[in-house]
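Chemist: The residues making up each chain are set out below.
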Amino acid sequence: MIILDRVTKLHGDKVAVDHLSLHIKPGEFFGLLGPNGAGKTTTLRMITALTPPSVGQITINGHPVSRNNTVFKGQIGLVPQHVNLEPELTVEENLRLHGMLYNMKRDEINRRLAELLEFTELTAERHALANTLSGGMKRKVLIARALMHNPSLLLLDEPTVGLDVFSRRRVWDLIKSLNTRGITILLTTHYLEEAEHLCSRIGLLKKGRLIMTGSVEQLRNMVGPVVVEVFARDRTRLYFFRDQAGALDFASGLTEEFTIRQTSLEDVFVKMTGERVENH
Amino acid sequence: MNGILAVLWREYLYFKKRIWSITGSSLVAPLLYLTAFGWGLGRAVNMAGVAYIDFIVPGILALSTMNASFNAVSTPLSIARLYDKTLEEYLVSPITLYSFAAGKILAGALRGMYVGLLLLAVAFVLGANCKLSGLFLLLAFLNCLVFASLGYLVALKIQSHPDMTRFNSFVITPMIFLCGTFFAPEHTPAPLQLLIKALPLTPASQGLRSLALGQELSWYAPALQLLYLVVFIVWGLRASHKVE
Ligand SMILES: Nc1ncnc2c1ncn2[C@@H]1O[C@H](COP(=O)(O)OP(=O)(O)OP(=O)(O)O)[C@@H](O)[C@H]1O
Ligand SMILES: [Mg+2]
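Quick mapping for you: the protein sequence lines, in order, are chains A and B.
Anchor point for the first sequence: position 112 equals 112 in UniProt numbering, and the numbering is continuous, going up by one each time.
Anchor point for the second sequence: position 151 equals 151 in UniProt numbering, and the numbering is continuous, going up by one each time.
Don't take each hint at face value.
Short derived list, chain B residues pointing at chain A, Cβ under 7 angstroms [what the hints assert, rightly or not]:
id, residue
1, Lys85
2, Ile95
3, Glu244
Since the hints were derived computationally from the structure, they do not count as laboratory data.
None of the values given here were measured: they were computed from a predicted structure.
All C-beta atoms in this analysis are idealised placements derived from N, C-alpha and C, irrespective of residue type, glycine included.
Isolated chain B, as found in the complex (with noise of 0.2 angstroms):
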């Protein structure tokens, strides 16, 4: 407990000294998304009676949620592990691994609902309508958790940072277009909906849009979140107790 709690202070020293930087940078994508595709776009396009820019709230959310939670955890702690070396300092203390990455993860996931509520708080202003719920913010959070957990997991098996940008450019990028952030994925052939409906960010843009436009969820959308935490987590617990 300790250990989470001073792992969480170390997150927290960084994110005051970088609050500007760390706001402005993970904003900066998901802005441009509304304007572009929600303002810009979308004014001339109705998606089954929903205007677009409350279509693609919740999928702006849960994409700038997902790159906020991971760039949180993942290039900060590859970084303290390939050149720092400040991994070392927490591996050779008295604290678990477990309190270690359960400190790394929930800061990151706590950056991902900094940003998110960021996000809707602009979103509202311009005029968004968004149903929101304790539900919706659950389910925002678990989203975080889900790609904090990635990152964390990401971090510790990469040889260099250019898989880092690898990492990037051929997961996390192809997901912020593909999972059914700007587009609904029952549009696209059934092969492709099915690898679309398998991927980790889909549920949270799905779940997040039905409760945002006041639908019912579906199970399926927590369930494969959790099911996609609970593996990041253990296989990141795994390559916690092997790195060096």
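The shape of chain A in the complex, shown without the other chains (with noise of 0.2 angstroms):
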């Protein structure tokens, strides 16, 4: 369970992240989404002690989160936002060399190396080095790498940009499945299908704050599940109904071309998040 208490971070007199309070339960798959500079890596920073909140505390399965505390590292696997794989190690170097920092038997690492590079499809760059594999493959490496040590905590910050869509959707599959088998799964993403089709719970964050949670269901119900479209000469507005009822009332009034359609998670996203908030 990861438990953030009012964790501020600020850089300068810039604040990143602002009281933001979280409980991740046991189990559950929870997306972090926001726009950019929201302060979603801050958070997944602050999680894995690679920088302190300025204010606040974490503890993660009941042990506080501190540079110096290796006891709770073990448990998190972590697939950082930005490319980090050692450029001149090779695919199978760098899987090996996480393996020992998580004090992985070398059978043990052995049998995680192949299944991984299985499954990511990556056993024929095993030798390839890490600076010469495409966009997308690093991205598969990285993944792999954080799943070597059978982590019961993963962290993904934005774990499929630039992969294509069959890659995206064989790491769906994987994080569903490893999800259903206990992993506690924290995901930040731009992708809003992504985090409608994985995330048993959704957290909204604008500017530092967290502004909304709860279920993709929850968080349509919250704005209307109902949303009408209208194409305005300039640009789209959105205007969210409890009910069908209402929307249609409402449409029935409008000169401009609209649909009407059930509110998806980014109307939401847009409604709750964007400068371009419009209401009805």
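Fit chain to chain and form the complex, with the hints in mind.
Modeler: Encoded structure:
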């Protein structure tokens, strides 16, 4: 279980994360969403002790998070937003090194290595240097690396950026299956259909503040499950309604083109985090 | 302990992959010094009954082990921290910062010893006289540890790559020439002499020279080196706790 208790992170006098309180329960699949600069990466960096909170406390499975606490670190697998493989080591060497850092036995390393290379379809690239891989392949190595030591908590910072559709779906299947096996997952992404497809609970961050949490269903109901999308001359406006009837009633008075549909996570996201928020 | 092994293994892989460029680039400067100052200039010079070449071999050993150990840690670690971000992989992993620092510093010092031993071999082949002993090698290794830990500290402290270049130009390069490597510090004016004797490379060049020429080793040399070693390591560990 991850507990963030009124965590604030300042960079100078700039607030990156603002009084963030969050409980992520064991086995949960939590999606942290928000526009660029909302504080998602900063939050993950604090959870992994890469940077300390300016104010507030984080605990993982009862262990306070700090750089010197090696106990909780062994339980975490991190896929960082930026590729940070050892560029001049091969794929295999990168994964092996990870296994050694996580104190794995040699045969265990060999076994996991084979499994994960096969799973990520990187067996052919096993002996390729990391800096010679394509962007998507590097991401796959990052994911394989994070899984090497069988973490009980997986933190994924935009793990599917740059992956082709097939690889992305494979990764979805993989992390979904990991989650059903009991691994707790915290994911950030800009692909809202990814979050919709995977996450059991979602938190929306805006300028460092958690403005909403809940399941996709709950978030939809909070803003209104039915949306009327109106195509005005220069931009699209969204109007949310409790039910179909209300939406129809509103739409009948419109002169512009419009569509009525079920509210998607993207609509919620745009309404809650966008500057161009429209209300009815 | 596992952490140290993992870090050492990584350093070993890099060393293996780059062995020729590492060997070449760390031997060029010392060989030039040997040639220009030792055999070129040095034929005409005699330092209190000692051939100049025999006088400067320990000095060149001191400066080249300094350079090799410092550079083995400083630039790669600063790149890992500022550009590749590979440092984060270690910070996130369950190894202690002590293992990480120990692994990096030890690997850097071993790299320094590798260069040092190659240099000694060349100097011997070319006919320099230098009394080798266990203590002599120990002192050289101590010098390697001092500058590997300085490299560790500097890599964690600087803000950008140009900072590293500046540190090299303003601290490392002056020491190459100042620290009694090519001359006896006693020949300089008193205030300068005091400064020179306090710099971390001086005890290495002085101590190694005493042993190489079969003279007695004064306690000042290893004591000052150990002092520097402790300061750099403690400071470096503090920096590791704060690095982001
Ligand atoms: N090292 C830093 N120094 C100063 N400001 C920083 C630093 N790291 C992050 N910030 C600031 O903190 C805020 C949050 O950044 P963060 O990287 O957490 O956003 P994010 O939600 O991950 O964005 P993205 O979707 O673009 O990855 C931003 O305003 C950013 O400029
Ligand atoms: Mg981010």
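Chemist: Next, verify each hint and record whether it holds.
Modeler: To see whether the hints hold, each was checked on the structure:
Among the interface hints, the one on Lys85 (chain B) holds; its C-beta lies about 4 angstroms from the nearest C-beta in chain A, closer than the 7 angstroms criterion. At about 6 angstroms, the closest approach between the beta carbon of Ile95 (chain B) and any beta carbon in chain A falls short of 7 angstroms, and the interface hint on this residue holds. Because the smallest distance between the Cβ of Glu244 (chain B) and any Cβ of chain A comes to about 5 angstroms, under 7 angstroms, the interface hint for this residue holds.
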